[in-house]
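Colleague: Spelled out, the chains give:
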Amino acid sequence: MEYEVKPRFYTVAEINGLIKSEMENNPYLSNVWVKGEIYNLTYHSSGHIYFTLKDDSASISAVFFKYANKNLKFRLEDGMKVLVSGGITVFEKRGSYQLNVLQARPEGAGELQKRIEQLKKKLSEEGLFDQLRKKELPFLPARLGIVTSPTGAAVRDIIKVALRRYSNIEIIIAPAKVQGDDAAASIAAAIRELNKPRWNIDVIIAGRGGGSFEDLMPFNEEIVIRAFAESAVPIISAVGHQIDHPLSDDAADAAAPTPSAAAEIAIPLKSDFIDEIEYLKTRMTNSLSNNYLNYKTSLKNLTSKKIFRDPYEILNSRQMMLTDTEGRMVNLMKHRVSSEREKLLRLPDIYRLQKRLLVQKKHDMELLIQNLNNLSPLNIMSRGYSIVLDRNRSVIKSVEKINQGDTVEIRFSDGSAVAAVNSVKKEN
Amino acid sequence: MEKDKKLSPKTSFEDALQDLEDVANKLEGGELGLDDSIKEFEKGIKLARYCQQKLEEAERKIEILQKGADGEVKPGRVAVKPDTGEIEDEDDLQGSLI
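Chains as they are written, first to last, in the numbering used here: chain A, 1 to 428; chain B, 429 to 526.
Keep in mind the hints are simulated off the structure, nothing from the lab.
Note that this is a predicted model, so its numbers are computed, not measured.
The beta carbon of each residue, even a glycine, is placed where N, CA and C say it ideally should be.
Take these hints with a grain of salt, some might be off.
[Said to hold, decoys possible] The calculated BS3-like cross-link candidates involving lysine-lysine, where the alpha carbons are at most 25 Å apart (straight line), are:
no., chain 1, residue 1, chain 2, residue 2
1, B, K509, A, K270
2, A, K114, A, K35
3, B, K489, B, K502
4, A, K160, B, K438
5, B, K502, A, K196
6, B, K509, A, K300
7, A, K270, B, K471
8, A, K93, A, K20
9, A, K296, B, K467
10, A, K196, B, K489
11, A, K270, B, K467
12, B, K471, A, K281
[Said to hold, decoys possible] Sample of chain B residues lacking proximity to chain A, with all beta carbon distances greater than 12 Å (derived):
no., residue
13, L435
14, S436
15, A497
16, D498
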């Protein structure tokens with residue numbers, strides 16, 4: 001029997017799809033670190049970065065998308081040795097693959113970085129970076145010391161900025177090598193030189209312009225960091241850097257990202273001081289003249305008061321008060337007198353009334369007396385009646401009180417007679 | 429600086445400027461009598477003059493230290509272009525003190 005293994009035919013798209021699926025799902029290929037040198041670098045206007053990563057024997061395309069490279073702290077350059085991480089992606093249409101870069105760092109940084117970290121830890125434990133050690137920068141420095149290469153851009157930038165800010169500053173440059181094997185020793189020696197009292201320096205700027213990670217290494221050397229920390233003169237670390245700051249920044253009294261910025265920190269703007277003094281002078285002058293004007297106004301207000309203008313005023317007002325009181329008193333008295341008089345005038349009426357009442361009473365009395373008269377026994381007797389009295393001169397009102405032989409007195413209206421009772425006869 | 433301390437050449441610019449500001453504040457406070465405010469004003473003017481004088485005290489001068497053959501470090505005056513900060517006679521410069 002003959003078996004014919006029928007080959008399976010794929011379309012190109014199918015095979016590319018299969019490869020894509022295989023590669024992109026492979027955990028080993030989706031997260032790798034690759035070491036290489038950059039070339040054919042393109043910073044595309046879209047924000048994506050395209051380059052080829054190569055070493056001596058091979059190359060691979062790489063893409064660094066905008067979303068991933070936006071946090072990149074340094075600029076990639078052709079020829080730069082880098083360490084990148086990311087995953088392999090397949091472009092099905094062309095059957096090509098590339099490295100999708102998620103992060104990148106300069107190669108070689110790793111070892112040095114580790115050394116720096118160790119040194120940092122050691123010096124930090126010694127207290128070299130303590131905030132308490134940091135000195136305040138002078139308010140108005142007269143002499144600026146610079147430690148850097150006399151031929152580099154850094155010294156020019158510092159001088160330019162310093163003179164622009166303060167035209168009559170004194171500058172002492174202590175030249176130092178800022179790259180090469182003896183750079184660290186040279187920088188440290190220059191810092192120590194400027195600390196000698198004979199130079200009478202107020203503030204030091206020590207640093208260099210920007211460079212590669214390796215270029216800045218002298219400012220991560222222990223001897224340099226110690227020189228910064230031990231400087232009795234306030235010192236500013238001025239190393240141009242973009243990614244990690246050098247340890248000299250931690251040891252210095254102040255740090256700046258560029259030499260120019262250091263000069264701005266160290267040297268005050270003379271015109272600010274001049275403006276400030278002028279401003280204070282103006283404030284003083286204004287205050288003084290305001291003060292003078294205030295006193296003048298107060299004085300004017302005082303002297304223009306009526307009492308000073310017309311001293312009789314004080315008398316007049318008292319006079320007026322007196323007159324007023326007097327008038328009121330007189331009026332009161334007048335009123336009182338007239339009211340009393342009115343009362344007096346009303347008195348005769350009462351008298352007349354009393355008199356009339358008396359006349360009436362008298363008349364009534366006369367009438368009464370008349371009536372009384374009519375009732376008087378004498379009056380009755382005058383009409384022919386008489387009264388019989390006993391021996392005790394009591395009136396005998398009944399025949400029973402009288403006996404035969406009694407002597408009685410008979411009273412008449414005009415006299416009396418004594419009589420003897422002859423007989424008594426009682427009637428009903 | 430103490431209130432009654434006289435200005436001396438040793439008084440720092442910073443102290444004098446602070447005193448000047450204090451004087452201005454005092455005058456603006458409006459609590460001084462006329463005589464006192466004139467006294468304060470005079471003091472302030474003296475301070476202002478002193479500050480201005482201090483600002484001009486430094487002399488514009490740029491020197492570069494160089495190590496001689498005898499090992500001694502000496503200052504050498506150099507000319508610079510102020511607008512660029514460029515040292516004009518760069519050719520003679522040594523790169524280091526060591």
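Colleague: Indicate, hint by hint, whether the structure satisfies it.
Modeller: Status of each hint after checking the structure:
1. B/K509 / A/K270: Between B/K509 and A/K270 the Cα gap is close to 19 Å, so the pair holds against 25 Å.
2. A/K114 / A/K35: holds (18 Å)
3. B/K489 / B/K502: Roughly 15 Å between the alpha carbons, so the hint for B/K489 and B/K502 holds.
4. A/K160 / B/K438: violated (30 Å)
5. B/K502 / A/K196: holds (13 Å)
6. B/K509 / A/K300: Measuring from Cα to Cα gives roughly 62 Å; hence the hint is violated.
7. A/K270 / B/K471: Distance ~23 Å between A/K270 and B/K471 Cα, so the pair holds.
8. A/K93 / A/K20: Between A/K93 and A/K20 the Cα gap is close to 11 Å, so the pair holds against 25 Å.
9. A/K296 / B/K467: holds (18 Å)
10. A/K196 / B/K489: holds (19 Å)
11. A/K270 / B/K467: violated (29 Å)
12. B/K471 / A/K281: Holds, at about 11 Å.
13. L435: holds (14 Å)
14. S436: holds (16 Å)
15. A497: Nearest chain A Cβ is 16 Å from B/A497, so the label holds.
16. D498: holds (16 Å)
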